[in-house]
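Student: Chains A and B, in that order, are what the protein sequence lines are. Using this note's numbering, read the first sequence as starting at 20 and increasing by one per residue. Using this note's numbering, read the second sequence as starting at 192 and increasing by one per residue.
Just so you know, these hints were derived from the structure itself, not from any lab. Just so it is clear, the structure is predicted and the values come from calculations on it, not from any experiment. One or more of the hints may lead you astray.
As the list claims (entries may be wrong) - Under the rule of at most 27 angstroms between Cα atoms (straight-line distance), these lysine-lysine pairs were calculated in the DSS-like manner:
#1 Lys34/A / Lys354/B
#2 Lys399/A / Lys229/B
#3 Lys28/A / Lys354/B
#4 Lys339/B / Lys28/A
#5 Lys224/B / Lys318/A
#6 Lys429/B / Lys399/A
#7 Lys229/B / Lys318/A
#8 Lys133/A / Lys150/A
#9 Lys429/B / Lys316/A
#10 Lys224/B / Lys28/A
#11 Lys224/B / Lys354/B
#12 Lys133/A / Lys157/A
#13 Lys294/B / Lys354/B
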Amino acid sequence: MRLHTLVLKDISRRKTKLGLAVLSVVVAAAAIVAVVTTFSAATEGLYEESNQFGANIIVRPEVTNIPLVEGSTSIGSLSTGENYIEESEIPKIHTIQNNSNLAVVAPRLYGVAKLGDSNVVVMGVDPEKEKTLKPWWKVQGRWMAANTSENSEKPEVMVGSDIAGPLGLKEGTPITLSQGNISVEAQVAGVIESTGGNEDGYVILPLAASQYLLSKEGKVSSLEVRALCNDCPVEEISRQIEEVFPGLEARSMSQIVETEMAVVEHTESSAMAVSIITLLVSTLTVASTMLASVNEKLKEIGIMRAVGASDRQVVSMLLFEGAIIGIIGGGIGFAIGTAASAIAAPMLVSVSPPTMWEILPGVAGICIVTGMIASIIPAKRALGVDPAEVLRSV
Amino acid sequence: MSDYPENSETSSNPENLSGSLIENPVGNLIQVKDATKKYRLGHNEVEVLHGINLEISEGEFVSIMGQSGSGKTTLMNIIGMLDRPTDGSILIKDIDITKKSQKELVDFRRRTVGFVFQQFHLIPSLTAYENVALPLVFAGDKDDGAVKGALERVGLAHRMNHKPVELSGGEQQRVAIARAVVMKPKILLADEPTGALDANTGSMIISLLKSLAGEMTVIMVTHNRELAEHSDRIVYLKDGNVAE
Chain A
20 MRLHTLVLKD ISRRKTKLGL AVLSVVVAAA AIVAVVTTFS AATEGLYEES
70 NQFGANIIVR PEVTNIPLVE GSTSIGSLST GENYIEESEI PKIHTIQNNS
120 NLAVVAPRLY GVAKLGDSNV VVMGVDPEKE KTLKPWWKVQ GRWMAANTSE
170 NSEKPEVMVG SDIAGPLGLK EGTPITLSQG NISVEAQVAG VIESTGGNED
220 GYVILPLAAS QYLLSKEGKV SSLEVRALCN DCPVEEISRQ IEEVFPGLEA
270 RSMSQIVETE MAVVEHTESS AMAVSIITLL VSTLTVASTM LASVNEKLKE
320 IGIMRAVGAS DRQVVSMLLF EGAIIGIIGG GIGFAIGTAA SAIAAPMLVS
370 VSPPTMWEIL PGVAGICIVT GMIASIIPAK RALGVDPAEV LRSV
Chain B
192 MSDYPENSET SSNPENLSGS LIENPVGNLI QVKDATKKYR LGHNEVEVLH
242 GINLEISEGE FVSIMGQSGS GKTTLMNIIG MLDRPTDGSI LIKDIDITKK
292 SQKELVDFRR RTVGFVFQQF HLIPSLTAYE NVALPLVFAG DKDDGAVKGA
342 LERVGLAHRM NHKPVELSGG EQQRVAIARA VVMKPKILLA DEPTGALDAN
392 TGSMIISLLK SLAGEMTVIM VTHNRELAEH SDRIVYLKDG NVAE
């Protein structure tokens, strides 16, 4: 028989009374696990969502807006600066320090052209890179082919859903885009199902064709850059791009994600604060239950001290009892918290969180420490037991 | 039983002890010298023992008698190191235990003194075997048959797996005696050991204690003169003084 055997037998004898202490640890552990699991899943979901944005850095010419004022009245603003990027300059982007994070660099050229009697926004793209950047686009028909020498006379285009219907465009429809004296004969390869984004109203055609149509050979309007990582330094990459391209600005789209993250983090902080308060209440409940337990066991503690238990052994037994309460409560709390998160998270944050086994040791550790801290006051009480006094009074 | 003080880590080398060695030509095991004990009750101070002097030899069976409040249990607790005298000294085998630190005292006590109480004071969640094993557990000693031997000594080896609630009063007291002797102490202190038992069972317990005397010094506190007469010597306490 060992000291811990004594404690386990004692716990087994008083399991109903110690159940309250275990229950309070269960509540605290379940709250912590539910909060961590739910909000970790929400954060992960946001990262995945941010990846769905495709690009997370947009590079475009820096434009300076000069406000025009007449007396005290504003009459608009004047934009100055080069509005296009030289296509030949694009490879320089791969000279930045974090070039290994650059998964896709997709050029874009925007302009307005005539399609029949309508003015439409055309967007010239590199079809292969665009396909990598926008994998979630659903195309009725097929993706347009890259602009090759074979189809340069009659390139393929894709059209957004907002203009496909009104203009009667579908796969295989031949169209003529024109601007000024220049016209381009093309064929619709597919219609992009509505994404809710700007592309719903675009005619998307190969970059070379768009440059020809818009008389912007060798120029692009912007670069959409996908830095491929969850936690890579997007802001730093943007800064490096701006260093390489003086006169261009590289803006991180992470601000959007950051705003959403701020909401998630704020909610998580509030929920975690509640969990920590629950943990503190739990500590007090465990301490209170154990103190009551020690008061009930004064005679037994007195007997143990009379038959040779040292102060250290008495304290060790109570700390071990606290640790046992903590680990049982932590284990049950982990299971309940995980189950609660699996039920609540889909409703609260629209994600189905996986079981986070990796936090189990941490939760168990916190609960064990909670139980042991809660044992300190009862241990002090136990050390104050005078065996002569206790054994005389019973 | 001749292993004192070799079986005590603390007492194995008297020079390491904080207690001082005092000359003891007669070879008494216990020497109580001018022991007083005062308690504070509210604003009042009550002196329970008034400078008691007492010597008890090794292997002696001594009964301490006296009226309620005469200081019998207090004297026993002081000899058993559960309590300290306010003044005076207590020498066990020439070692002044009043000079020992609390930590030293715990180790010295667990290997030197066994206690038997009127109410048995067994741990209800433990079996007879486990109750007897408690002193070994706290001392960190291995059970090399000592527990079974102690239970056999009190005739309860066949009941070793029973919990206290499953044992009669007499059996519980015999388990308590087995627990008190399992460490083979030099001193066995019994406070009213028959107080909760009927006359026949009480006689049986006294016989058991008497059989242990010789191997160890037995000091029994009792109100019962008939039982006390089984001992080698009776010490009377009256108002905190020895009236032998």
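Student: Is lysine 294/B within 27 angstroms of lysine 354/B, Cα to Cα?
Tutor: 31 angstroms, violated
Student: Going straight from one Cα to the other, do lysine 28/A and lysine 354/B come out at no more than 27 angstroms?
Tutor: 12 angstroms, holds
Student: Going straight from one Cα to the other, do lysine 224/B and lysine 354/B come out at no more than 27 angstroms?
Tutor: 42 angstroms, violated
Student: Does the alpha-carbon distance linking lysine 34/A and lysine 354/B stay inside the 27 angstroms limit?
Tutor: 18 angstroms, holds
Student: Is the straight-line distance between the alpha-carbon of lysine 224/B and that of lysine 318/A 27 angstroms or less?
Tutor: Violated. Lysine 224/B to lysine 318/A sits at ~31 angstroms, over the 27 angstroms cutoff.
Student: Taking only the CA atoms, is the gap from lysine 399/A to lysine 229/B under or equal to 27 angstroms?
Tutor: Cα-Cα ~25 angstroms, so holds.
Student: Between lysine 133/A and lysine 157/A, is the straight-line Cα distance small enough, at 27 angstroms or below?
Tutor: The given pair, whose Cα atoms are some 25 angstroms apart, holds under the 27 angstroms limit.
Student: Just to be careful, I want the Cα atoms of lysine 429/B and lysine 316/A compared with a cutoff of 27 angstroms; is the pair within it?
Tutor: 34 angstroms, violated
Student: Would you check the hint for lysine 224/B and lysine 28/A, treating anything up to 27 angstroms between C-alpha atoms as holding?
Tutor: Status violated; Cα separation ~43 angstroms.
Student: Do the alpha carbons of lysine 133/A and lysine 150/A lie within 27 angstroms of each other, as the hint requires?
Tutor: Given pair lysine 133/A, lysine 150/A holds - Cα atoms ~25 angstroms apart, limit 27 angstroms.
Student: What's the verdict on lysine 339/B and lysine 28/A, does the C-alpha distance respect the 27 angstroms limit or exceed it?
Tutor: 21 angstroms, holds
Student: Is lysine 429/B within 27 angstroms of lysine 399/A, Cα to Cα?
Tutor: Roughly 37 angstroms separates the two Cα atoms, so the pair is violated.
Of the numbered hints listed earlier, those contradicted by the structure are 5, 6, 9, 10, 11, 13.
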